[in-house]
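Q: Quick mapping for you: the protein sequence lines, in order, are chains A and B.
To convert, note that position 35 of the first sequence is 35 in this note's numbering; the numbers rise steadily by one, no gaps.
To convert, note that position 26 of the second sequence is 26 in this note's numbering; the numbers rise steadily by one, no gaps.
Treat the hints as calculated values from the structure; they're not laboratory data.
By construction, the Cβ of each residue, glycine as well, lies at the ideal position given by its N, Cα and C atoms.
Just to be clear, a hint being listed does not mean it is correct.
To be verified - Some chain A residues near chain B, calculated using beta-carbon distances under 10 Å: (1) M1; (2) Y4; (3) L28.
What the hints assert, rightly or not - For each label pair, taking beta carbons as the anchor points, the in silico distance ranges come out as: (4) A:L26 <-> B:G371: 18 to 26 Å; (5) A:Q7 <-> B:R324: 48 to 56 Å; (6) B:V251 <-> A:Q7: 19 to 27 Å; (7) A:G23 <-> B:T370: 44 to 52 Å; (8) A:V24 <-> B:L326: 47 to 55 Å; (9) A:A19 <-> B:E203: 44 to 52 Å; (10) A:G23 <-> B:L14: 21 to 29 Å; (11) B:G128 <-> A:Y4: 39 to 47 Å; (12) A:D3 <-> B:G123: 30 to 38 Å; (13) B:S2 <-> A:V24: 19 to 27 Å; (14) B:G374 <-> A:Y4: 27 to 35 Å; (15) B:P29 <-> A:Y4: 26 to 34 Å; (16) B:D199 <-> A:Y2: 36 to 44 Å.
Below, each chain spelled out in residue letters.
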Amino acid sequence: MYDYLLQRYGDRAAFWGTALWYGVLLTLVVLSFVAPAGEFRYGDI
Amino acid sequence: MSVLSLIWVMGLILVPLLYWVVPERFRSPLLVAITLAVLAFFSPVSAILLCCATIFAWIAYRFFAENGWAIAACASVQAVPLVYFKATQQFQGFGAPDLIIAIGLSYYALRAIHYTLEAYKGGLPQHGPIDVVNYMLFLPTLLAGPIHRFPQFHQDQQRRRWNSALFSEGLERLLYGYFKIAFIANVMINEWFIGHINDHMVEGSRSALYLTMIAKGLNGYFQFAGYSDVAIGFARLLGFRIMENFNWPLVRRNVQEFWSAWHISLTSWCREYVYVPVFSLTRARWLGIISAMMVLGLWHEFTARYLVWGIYNGAGIVAWHQWRRLAGERIDAAIVDNSLAVRIWTAISILLTMHFVFIGFTLVQNETLTGGLGFLSALLGLA
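Bound conformation, chain A alone:
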């Protein structure tokens, strides 16, 4: 992710873009754990 953004948009955009991307993912993961609707069901794998 970082390398891709670095090549296309430069150092600063790569840093903030990556931070934003990971921030969004991490927020969604945490919300999935704590949200009432997100009661976990172990999938049938």
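Given the structure of chain A, go ahead and fit chain B onto it with the hints provided.
A: Relative to chain A, chain B alone:
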């Protein structure tokens, strides 16, 4: 025990921390001790079986590596607990005595067989018994694979040192893994998608059954790919680069490509240790493919539904080879200069492959083969 459990998440934080803090010579013993402690707590029978498998694997390598029959016997003995547990797990709760679940057996049994067979083939580097213990009792791959191979593991172990780039990659993979399991599979697919089907569609209608099939297929992929990401990420936090398990399987153009990209560590195991020997002995490619896919199916569970599922996928691969020989190559050659035609043909191929595979999954997503066939009949309007 699931990777979503609190104890596993705590382990992901504490184990790498401890691992890199202790002196180098204590790192592997620490990891082995944690693995044994975890197994002994959650599944004592599995801890005993794993220790036996490890000792037996070393004996096979040390004393019988030159003798093909002895190695075959050793590999068969390694398979006995796996076959026993797979054959009896279906009777749980149906009057048979409760069986103790052997956590991780499906994976470490195949690792032990791989190690034993490679001992005979000469595919193992020089190593000692402690290396086998470290390989067999490797915590990150204990729960859900991948079925990584000894030579790569041994190489990583020799070169192991703190690598911040690898550690960072590990954290990234963990995040992707948990995102796939927790958000995409559990929330988006199970809560929203399946919830929408249940709340707004006529129960038992063909459109509801079709969307359920798609949802369950996607759920299976994201759950399992997520578990593999967590294992791979965990291993990278410890300085090991274990093999990948999925490579975009749902955008493959045919069933052969799909099975080269889905659960790669298992499919490559079946190719190396089932397909190749059967093909070498019989020179019948179709028999090798069907045999490998049957083993792949029965590895999940010793039941009729998984046997049929394996044969179904094997027959699909054989049919694809025939199709390619009879017409596929000519179609590819005819449209090669037309990029639009290539794109349309690729899209059709991907959709067909995905539906073929998802239809196969319905056979094993129900409790019995009859249930799976009933679902399929209803889906196709035959019931």
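Q: The structure should be examined with respect to each hint, and the outcome stated for every one.
A: Hints and how they fare:
no. : hint                         : result
1   : M1                           : holds (8 Å)
2   : Y4                           : violated (13 Å)
3   : L28                          : holds (5 Å)
4   : A:L26 <-> B:G371: 18 to 26 Å : violated (39 Å)
5   : A:Q7 <-> B:R324: 48 to 56 Å  : violated (38 Å)
6   : B:V251 <-> A:Q7: 19 to 27 Å  : holds (24 Å)
7   : A:G23 <-> B:T370: 44 to 52 Å : holds (48 Å)
8   : A:V24 <-> B:L326: 47 to 55 Å : holds (48 Å)
9   : A:A19 <-> B:E203: 44 to 52 Å : holds (45 Å)
10  : A:G23 <-> B:L14: 21 to 29 Å  : holds (24 Å)
11  : B:G128 <-> A:Y4: 39 to 47 Å  : holds (42 Å)
12  : A:D3 <-> B:G123: 30 to 38 Å  : holds (34 Å)
13  : B:S2 <-> A:V24: 19 to 27 Å   : holds (24 Å)
14  : B:G374 <-> A:Y4: 27 to 35 Å  : violated (47 Å)
15  : B:P29 <-> A:Y4: 26 to 34 Å   : violated (40 Å)
16  : B:D199 <-> A:Y2: 36 to 44 Å  : holds (41 Å)
Going down the numbered hints, you'll see the structure goes against 2, 4, 5, 14 and 15, while the others check out.
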